[in-house]
Structure formats: structure tokens, C-alpha cells
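Protein sequences appear in the order of chains V and Z. Residues 1 to 284 in this note's numbering are what the first sequence lists, from first letter to last. Residues 1001 to 1284 in this note's numbering are what the second sequence lists, from first letter to last.
Just so you know, these hints were derived from the structure itself, not from any lab. Do not rely on the hints blindly, as some may be mistaken.
Claimed, not checked - Covered stretches of chain Z, as calculated for chain V (at least 3 residues, CB under 8 Å):
#1 1011 to 1020
#2 1024 to 1031
#3 1037 to 1051
As the structure is a prediction and not an experimental result, all values here were calculated from the model. Backbone N, C-alpha and C define an ideal beta-carbon position, used for all residues, glycine too.
2 protein chains.
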Amino acid sequence: MKLYLDCIPCFQRQALEAARMVTDDEEKQEEILRRAIKELLDLNWDRRPTEIAHKIHGMVKEMSGDKDPYREVKKKYNDLALALYPALKEQIKRSNTPLLTAVRLSIAGNVIDFGASSNFDIHRTIDEVLVKEFAISDYKKFVERLERARKIIYLADNAGEIVFDKLLLETILSRYEIGKIIFVVKATPIINDAMYEDAIYVGIDKIPNIEFMEIGAGSDSGITRESKTFLDMLKESDIAISKGQGNYESLSNVDGIFFLLMAKCPVIARDLGVEMGDIILKGS
Amino acid sequence: MKLYLDCIPCFQRQALEAARMVTDDEEKQEEILRRAIKELLDLNWDRRPTEIAHKIHGMVKEMSGDKDPYREVKKKYNDLALALYPALKEQIKRSNTPLLTAVRLSIAGNVIDFGASSNFDIHRTIDEVLVKEFAISDYKKFVERLERARKIIYLADNAGEIVFDKLLLETILSRYEIGKIIFVVKATPIINDAMYEDAIYVGIDKIPNIEFMEIGAGSDSGITRESKTFLDMLKESDIAISKGQGNYESLSNVDGIFFLLMAKCPVIARDLGVEMGDIILKGS
Chain V
1 MKLYLDCIPC FQRQALEAAR MVTDDEEKQE EILRRAIKEL LDLNWDRRPT
51 EIAHKIHGMV KEMSGDKDPY REVKKKYNDL ALALYPALKE QIKRSNTPLL
101 TAVRLSIAGN VIDFGASSNF DIHRTIDEVL VKEFAISDYK KFVERLERAR
151 KIIYLADNAG EIVFDKLLLE TILSRYEIGK IIFVVKATPI INDAMYEDAI
201 YVGIDKIPNI EFMEIGAGSD SGITRESKTF LDMLKESDIA ISKGQGNYES
251 LSNVDGIFFL LMAKCPVIAR DLGVEMGDII LKGS
Chain Z
1001 MKLYLDCIPC FQRQALEAAR MVTDDEEKQE EILRRAIKEL LDLNWDRRPT
1051 EIAHKIHGMV KEMSGDKDPY REVKKKYNDL ALALYPALKE QIKRSNTPLL
1101 TAVRLSIAGN VIDFGASSNF DIHRTIDEVL VKEFAISDYK KFVERLERAR
1151 KIIYLADNAG EIVFDKLLLE TILSRYEIGK IIFVVKATPI INDAMYEDAI
1201 YVGIDKIPNI EFMEIGAGSD SGITRESKTF LDMLKESDIA ISKGQGNYES
1251 LSNVDGIFFL LMAKCPVIAR DLGVEMGDII LKGS
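Throw the hints in and build the complete structure from the sequences for me.
So this is what it looks like as C-alpha cells:
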């Protein structure tokens, strides 16, 4: 997905939020925001949003000397989601459509996205998403693909949210014969995106047949979502499940991926042709 | 109210929205946004938000050659609110607490604020605000002041919203002996703020004993909300009723004003110590 002009002020809001995570000093916050604005002005805007976000957040980390401004936020939402886990597990078990309920819960978990907004209510979102109509649903195709799948690539999005992903993967494993799941997390901290340590913390490693893969965000060196190595891996998998806006922004033009997300910003909503707050299961 | 750092990206969002009102050309939109960003970088941020908003919107008007980018939006919401008027009038009439209902509706109308967000639903907001608890309510004091009042100054906010203000003023006039109402509108176009022509269009001039006053927004020459002339007029009135965020930003430190608004941005919410979406009747 290309960058929309709306992303430019949004990156600054993100930079400010990150600055507030690392310092209470308003002068320092202003300094970080002004630097973010200058960097944005100097950039060519004909890039992917994720790439620019990576630059801006890298700058905040550099200026603050804090490599992981969202450390506490990530722990908080991992803990909060873990506390919800038993009840949600029970809810899936009791459901007449367990897989669909698990899909819905996994999309509800996608609201825990500090890139989009820090102003959300996970409990209310769960209630809403469990009954909300999908704005885009390729659920039937999703099920057909799972029935034939042996190898899954699962692109995680945020800390906290990965507990909901764990529920979805467990539900999938209980119904289909999956031999291998590659769970993709970020190699370096960016906003509240899930990393390997988060996955371990919430027990993703306890899922049978799971393997982990770390990818760089934005223009990191090494394997990124846009790199040939990764795109080839996607092709080799039987099904790729992608969570959230960032993965959609990077991979929306790639065939064969199922995107599960909530549209939390006007730009993503416009790109998908849906309304803000809509829930999406879009796949091909 | 002072400017918060959150206002800086928000001004850019406003500039972009205004740019989109005047042109479909994305290059021109980018040019306007980049210019807004440069102007913001050059400014000292130790100013009132309304003053900076005025500069930014002035720049959009200058660059686009359109003196009133929100012309159509204002007409649209004047018409929409006029269409609602008969039913709302009836609702107030049938209410056990007509004045309170009129106050609530007037606050609901405050959602028509393109400075805060262009993403609102007036019908849903009316339903919500009619039953929502006030986060701050000086209603008792408001009524006591109205009982003794002969002269009201009413600071309007947005086009469309003024139809709801008309209902409130009519309700006040039917219950209290008011000799004079000064209805304050903007002298020059700024976002979708109500001007004299909007007031005439929706029939505010049909309210008995009404007079109009035009004030400049931000750093306009002439009388502004912050000018001594205007502050003296406020003191001379028996009650001042102020609608919306912009008036609150300019006058929150002035005693004796009743602020009726919905908190539609995190900065206003923080300043008032309330949550986003909360409704406020705050007076002294």
C-alpha cells in the first residue's frame, strides 16, 4: 500500500506518543516532535508507510536513548490478554462455530495497536467484534485453504494481540492436520509490535509444531516483509495469515495471503473500501 | 488554554482536509500540507491553538485562492440541521425538562465540528447525548444565572450547530425574561465556523431581541475573543454562553462564562479532566 498524505500527521502523533513514553520532559518531547517533523519534510513521501514509520520511531529511540519505548505497554497488554485467555478459550469451546469465533477474537485483539491509537477498550471491542458483520469476508475460502494446508505462515502484529492469535492457532490445530506453523515476529522493537520475547512470554512456543521467524521492520537490514527471501517463503507455505494494518500495508499487493484486521485508520479503511472500525478477513 | 504538542499534527490534518475541499489534485494537496508543516516548524508553539489554526487555514486559503473552503460543508450541515429542527422542537416541547433537553441537543450539535473531526454521525450523537451523563455539569448554576439574566451573550461555534443553538435560545426565551441576546459569529471564514450568513440562513434573526456581532478568529484585526473590547462586553452581560472547543480554548481562563461543548479531542479532554466524547456544561 502506498503512503497517503494522512499518514504524515499520523507519524508525528506516533512520534509524540513514543516521546511521552520515554520522557515526561515537555521540552524534550517538543524537541523530538520537531525533529520528526523535519525528517518528514526532508523525505520523499513516495514510500511505504511502514518504511517511514520505521525511520521516525528509529529517530525517537536514538534521541531518547531508549531502544524500546513501548516495553511497558507491551508487557501490560500481554498480561491483560493472558488474564482474558481462559475465558476466551472457554468461549471458543462453547461456540457453535469455534473457528469463526477464534477468527473474530483474533481480529478483536488487533485493536491493541499503538500505531493506530492508544485510545481503545479491549473488553468492549471483544463484545462488538463477536457479533459485528464482516465488511469483507473470505471466510469460506479461508476454511477451504486450511483444509488443504500442512504449513502455515502466521504474521503476528502486536504484543497482547498475540494471545488472541494463540487461541486462533490452537483452534486451527484442533481441527486441521497442520504439520508446521511459522510464527513471524519483529526482530527489533517498533511501536508495540510483538517480538520473540513476547511470543515466549505468552506461551506461543507451547503450540505444537511451531517455529519462529524474526523479520526486520521497515528498512532494517536482513529479511523484511518485502524481501525476496520472505516473499518466496510465503509462496512455499500452504496458507499465509497476516494480522493487522502494518502487514497489510507491506503486503497488500501480494497474492495468496489472508489478511485479518480491524480498519483502525481512515487510510487503511479507504484503501480497503470500508469504514473505520470495520472488521476484515480478506484473502485470495 | 495553551497549545499542547498534540495540536501540531492535528493542524496538519486540518490543513490536509481543507486542501482536499479545494482541490482533487494530490500534488497540490501535498504542496499545501508541506507548506503547513514548514509554517508550523517556523512558529513558536507558545501560543493559543486558535491563533495557529487561523494562520494555517489562512495559508490554505491563500494557496488555493479559495477564501471559504468549507462553504459547501457549511451549507450541507445547515440544511441537515434545519431538516431536523421540527422534530427536535417537538422533542423539547414534550420533554419533562425542556431546558435541559435543549441544552443537551445544543451540545449534541457541537459534534458538527470539522476542526475536531469530519467523521461524525449527528443522528447517533443526538441519541447518545440525550441520555448521557454530564462529565461536568454546572446546570443548577446555569439555571440560577438565567433566572436573573436580562442580557445574554451567546458565542456560536459551527454552521449546522447553530440550528441547535436556535432551539436552545428559543427555549430560554420561552421561560425567562430576556431583553437582549447578542449572537456572536465569525467575521471571516475559518473551518466550518458559523458566520452571519449562516445565522441568517437558519433563521437566527427571527429570534426576538437578537443582535449579531462578528468577531475575528485568531489574530484577525478588529475585535477578537481575546480583545479588551470583547472581554468588557462579556463582563457587561448577565450571562455568557459559549459553544464548542475553539471558544473554550480562547476563553477558558475568563470567569463568568458557561461553556457548553462535547470534548472531541484528547487535548480538550485532558485540559478539562474528562474523557473524549464527554459532554460538558462548565460555568462559574
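A quick look at each hint next to the structure:
| no. | hint | verdict |
| --- | --- | --- |
| 1 | 1011 to 1020 | holds (count 3) |
| 2 | 1024 to 1031 | holds (count 3) |
| 3 | 1037 to 1051 | holds (count 5) |
Hint compliance for this structure: every hint is met.
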